[in-house]
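There are 2 protein chains.
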Amino acid sequence: MSRRIAGAEIERLIQLMAKLPGLGPRSARRAALHLIKRKEPLFAPLAAAMGEVLERVGICTNCGNVDTCDPCTICTDPARDRSVICVVEDVGDLWALERAAAMKGQYHVLGGTLSALDGIGPDDLNIAPLIERAEAGDVKEVILAVNATVDGQTTAHYITDRLEGCSVEVSRLAHGVPVGGELDYLDEGTLAAAMRSRRPV
Amino acid sequence: MSRRIAGAEIERLIQLMAKLPGLGPRSARRAALHLIKRKEPLFAPLAAAMGEVLERVGICTNCGNVDTCDPCTICTDPARDRSVICVVEDVGDLWALERAAAMKGQYHVLGGTLSALDGIGPDDLNIAPLIERAEAGDVKEVILAVNATVDGQTTAHYITDRLEGCSVEVSRLAHGVPVGGELDYLDEGTLAAAMRSRRPV
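Chains as they are written, first to last, in my numbering: chain A, 1 to 201; chain B, 1 to 201.
Just so you know, these hints were derived from the structure itself, not from any lab. One or more of the hints may lead you astray.
Because identical chains share one entry, a pair is satisfied inside a single copy or across any pair of copies.
Below, computed lysine to aspartate or glutamate pairings styled on EDC-like, alpha-carbon distance capped at 16 Å [claimed, not checked]:
(1) LYS37 <-> GLU89
(2) LYS104 <-> ASP77
(3) LYS39 <-> GLU52
Produce the complete structure using the sequences and hints provided.
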């Protein structure tokens, strides 16, 4: 806003909210006003929740997940299969797999992918602790659930090589036609992969 | 999420963020993760800004605007023309007019419109203080910048009636073709209003 029309605190709040993904300057103003108008039912609880998460959130020293406890909720869950480690690039991928309820085991968050272009090498990622976990005994399978991008696949190859000495099975997610997807709209790479991995009915 | 995959604080933060306009459950998760990953540069300042605004924000006793001071920044701005009061339904409308730098005077926020359907009468709105301000002396013009909806126009008529006794000029925003708008896409009501209010070139 060109002229000062509200206290500096409100303008600063709007500026910071505009940096959230999915919000721009316009929707940040709308969201800030929404909060200010709902002080008791929404604004106060949200501010309190932010303060609590900010104070307590950290990275799990075991798997690299973010949580308010260390080791994280998943690492300490006794109902989870400790013999399977699912390797993901990012916490967002972990959350996505959990939403799909696709994994009963534990996770390992790399914190990115190898990238020659961005100068990200193995030491910049959470790879060495993964090898340690895989070597430590109970682990039977490492599932590489990295993105199907060039960097993701490079990282998967590198980790497969590093795990060669360990007595663990290494697997990766299947490529194929997305459930609900129409063939006509799929790219050639996905169709070719789906054809190669075809299964008897 | 069906299973607990993170501490209750993080899940609560996501739930609350999902209540913001423009964010749903999916984008709230993305925004929360964005914050957690940017603890120092974004999360901490945002939590601090929220706490400050929450603590200090209130409604201006003079005009009904929201601000961290009372009277608000606009009411106390000596550069503003105190002889003009622009009446708006909502603080969002005030902010929109300020972005357009369309007003040099002061404002009065009604906090809604009259609505027989929703049972909102004159006493539920910030109307009586407006009449007091208009009668108090210095005011020469009251601009009714309410929405061009049925309820908005009803409210404008009501306020015009109430201001009859005061020696102030009452005006309203012009109806017409939006700047940049194409005639072909405009509704008949707007086109008819633009034609009726046509001006010599």
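A quick look at each hint next to the structure:
For a Cα distance limit of 16 Å, the shortest separation of LYS37 from GLU89 across copies, 14 Å, qualifies, whereas the shortest one inside one copy, 39 Å, does not. Taking the shortest alpha-carbon separations for LYS104 and ASP77, only the intra-copy value of 10 Å comes in at or below 16 Å, while the best inter-copy value is 61 Å. Taking the shortest alpha-carbon separations for LYS39 and GLU52, only the inter-copy value of 13 Å comes in at or below 16 Å, while the best intra-copy value is 18 Å.
In this structure, every one of the numbered hints holds.
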